[in-house]
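Asker: Under the working numbering, the final residue of the sequence shown carries the number 632; numbering is consecutive throughout.
Because the hints were derived from the structure by calculation, they are not lab data. There's no promise every hint is true.
What the hints assert, rightly or not - Below are the DSS-like pairs computed for lysine-lysine, each with C-alpha atoms no more than 25 Å apart in a straight line:
id, residue 1, residue 2
1, K568, K512
2, K269, K292
3, K417, K269
4, K604, K615
5, K568, K408
6, K459, K481
7, K574, K521
8, K604, K561
9, K521, K402
10, K417, K588
11, K481, K512
12, K226, K188
13, K516, K555
14, K483, K417
15, K269, K495
16, K516, K481
17, K269, K459
18, K469, K516
19, K604, K588
None of these values were measured; they are calculated from a predicted model.
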Amino acid sequence: MKLFKINIPFAVILGFVVTVFVFVVYVNTLAPSVNFIDSGELAAVAATLGIAHPTGYPLFTLAGWLFSHLPIGLPVIYKLNLMSAVLCSVGIFFFFRFLVLLLEDLAVREFKNISQRQLETLKFKLVYLPAVTASLVLAFSQTFWSQAVSIEVYSLHILFLSAILYFFYKAIRNYCEEGRSIKINTSKEWFVFALLLGMSFTNHMTTILLAPALLYLFFAINGFTKYSWRLIFILVVPFIVGLSFYFYLPVRASSSPFLNWGNPVDLEKIFWHLSGKQYRVWIFSSTESAVKQFNYFVGNLLNEFNFLFLLLALVGLWSLFRQHKQVFMFSVLLFVGCVGYSINYDIHDIDSYFLLAYFTLAIWIAVGYNTLLIKVSEKSFYKYVAIVVWLLAFIPLILNYKTCDESKNYLVEDYTKNMFNSIEPNGIIISYQWDYFVSASYYYQFVEKYRSDVVVIDKELLRRSWYFKQLQVKYPWLIEKSKTEIDAFLIELYKFEHNLPYAYELIEGRFKDVIKSFIEKNYDERAIYVTPEIEPQYTEGFQRVPSGLCFQIIKNNADFKEREIEFKFRSTEKISHQAEFLLNLYTKASISNGLFKAQRGDIKSALIFFDQGLKINPSSRELILYRNNLLR
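Please model the complete structure; the sequences and the hints are all you need to start from.
Answerer: As structure tokens, this is what we get:
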């Protein structure tokens, strides 16, 4: 006897199947360790409930804390990388559901006076096939896929983008079908949409790029009526509830966590943090920068979507213009708003800022495929066209698999540990290698407790007043010894941070005094190191002696104790521009150490360093040349 019956719509079942398939692929290409750029910092912040770089990402941090404490026998970093795979996969589920709604509407417009039964018959070939295809194309595009294999805030952003599109369009659709009534004005879809929108802002501020398109479609469908304004007024409540996650920042900052970027404890610092004050210099910086980023976006499109799918996208765009001008404008505003903003942000890792544009291209691809199937639906070769185009959806999976596969990528972990192994116990290292070492060091020191004895100082973060507070919590003795120099610098730094008149030479001079103070006042008790990019003026009066991946700062050769340092390195087939830069750092370090050993007459040790470098970067002509010269 059946006690209950569950009717699950076919679209939900199919969406779940697509989601599971995508998730399995993501897990098979998941990074096992810390990755480049912000991965280490975000992992450490999530695991310890700290505060990340602007805009703080409080919701992402809380979600990461939950994942990092899952009772499964996996390293914390793997669990956090797995979180990205889960979030992006669920994002594909909602994106698929959104496409189904949109394509159903287009089918109704194309086949006017069609009955519900006839619509159900057409759904599979005119709705589900294009929706599945476009969802897979998006899921396995390079930038989208890359967000799913290691911890990044864009994985949660992807989920929010998809869910917001789905619930907003469903709410708009219900409004059109059932008319303007109080019931529809306060339907659950509107509340869920508003709540998700508020929550999305607490994860990434580029959620604002949705605003022009959402507002346009909202008023285009609803009109500028009292019902529209009443609805907006009602939805402010769930929106603010979602936005309330930002209270995490001042609450947590007040307890002085070890990782406390920006120290947002008061209104001024909260505003600075939420507005990304320190990053504004790169936004709308120049026309030249915008042209460069736009050229990069256009040039990279074929890597994201092959030529065939870009053609389908153009077909879809034209079809929307012809069939549904409101959705056409909605999609164009999504695309133009995203690209227009992103090309004006002059950073090197810009790809993820184009995600909304890639979402829009996937929408156009779905509509283009739908249009193609409609055109051949009565032809004898329809099935062949449908099968071929559907199979082509797996082209991105095949072409991008090697590029997006991070399953054997230990580059950052090995580099960070090799850097730590280059440093004596209780040493101090001053670095500006955020993307490769400093960020990752946060995870290994604060979460895995690896080489917690080493003091890691980010040279450029020393230009921010909040950073001294963070250092004081972890290393009070360091700040106390240099209090005079720090206080003098902070007086000038206050002027800079508050847009008051300041003297560049004075502030730079006092900045230099702080760094020299760290070196001079700790020299007798601790070994001091710098990484290669630290400018010579900050270590004047000292010698730099190669020590593995960094340089030890010494007063004279008698102070230096030679150490045997071996680089442990696990190679990976994936060579990105970041990986190439990392290999170059190994090459330069091997050359520096090898030449230093050779100058001291230790030819054997010099050859060992050259050989180590060649194992890591066999194609280095410099290393081959130096090694051959040494053997002559």
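Asker: Against the structure shown, which of the earlier numbered hints fail to hold, in ascending order?
Answerer: Violated hints (numbers, rising): 1, 2, 3, 7, 9 and 14; every other hint is consistent with the structure.
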